[in-house]
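Dock chain R against chain H, hints included.
Protein chains in written order, with our numbering: chain H, 1 to 100; chain R, 1 to 109.
Keep in mind the hints are simulated off the structure, nothing from the lab.
The structure presented is a predicted model; accordingly, all values stated were derived computationally and were not measured.
Any given hint could turn out to be false.
[Unchecked claim] On the chain R side, residues computed to face chain H include the following (Cβ under 10 Å): (1) 3; (2) 32; (3) 75.
Note that CB positions come from ideal geometry on N, CA and C, so glycine has one too.
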Amino acid sequence: MIATPYVALLAAALFCVGVLGLMVNRSALRILVSVELILNAANINFVAFAQHHGNGDGITFTLFSIALAAAEAAIGLAIMIHVYRHFHSVDVDKPASLRW
Amino acid sequence: MNRMQQVLLGTAVAGIIFLLMAMSIQEATPWNRAPIGNAESVPGITEGAFTTHLMAFEVLGVLLTAAMVGALVIARPFHQSVDDAVKASHGHAAAFMAPEASTMLEEEE
Chain H
1 MIATPYVALL AAALFCVGVL GLMVNRSALR ILVSVELILN AANINFVAFA QHHGNGDGIT
61 FTLFSIALAA AEAAIGLAIM IHVYRHFHSV DVDKPASLRW
Chain R
1 MNRMQQVLLG TAVAGIIFLL MAMSIQEATP WNRAPIGNAE SVPGITEGAF TTHLMAFEVL
61 GVLLTAAMVG ALVIARPFHQ SVDDAVKASH GHAAAFMAPE ASTMLEEEE
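Chain H on its own, in the form it takes in the complex:
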């Protein structure tokens, strides 16, 4: 079994890759993928510390978190489709106003 600090380091690295993606990318699709990476880093931490403490609640929360991520991705993609229809681009700099 992998020691918990290494798993925590992996989660930290995944989180940082997500943050990097958030800051660098301008495409809404890539930003959504970066947010998913950050969520998965949190999930890895949940599972690692659930095993570390011998308590299954963390894994249950991970299941909830995955379902929440699915809902978030569905709404995000729908918004992206709407933005594309309106602006013919998914660049986040294009929609400068919330007036539709």
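For chain R alone, coordinates are given in the frame of chain H:
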């Protein structure tokens, strides 16, 4: 801010966050592992989901349904009512059907 500056800034911020996290992980030693409880058995996990966290489980189901309906409504084309969207989806389905099936659908309409 041009693209290069953006990449450099993002890399710097992500690197600093990673360093801070790695330092805090290193300082948190020793990592004494607790005896294995119900974290490594599927019955233990499902028992938690369906007993202690049952309300959260139910709320999550409602949330997923709401998200699905919301996504369909948001992704609907402009100036199209829900009825029109349903009719359009029928037409779209007919394109993928066998010719006799799509003819039957047109006769029904």
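Checked hints:
no., hint, in the structure
1, 3, "9 Å, holds"
2, 32, "9 Å, holds"
3, 75, "4 Å, holds"
Comparing the model with each numbered hint stated earlier shows that all of them hold.
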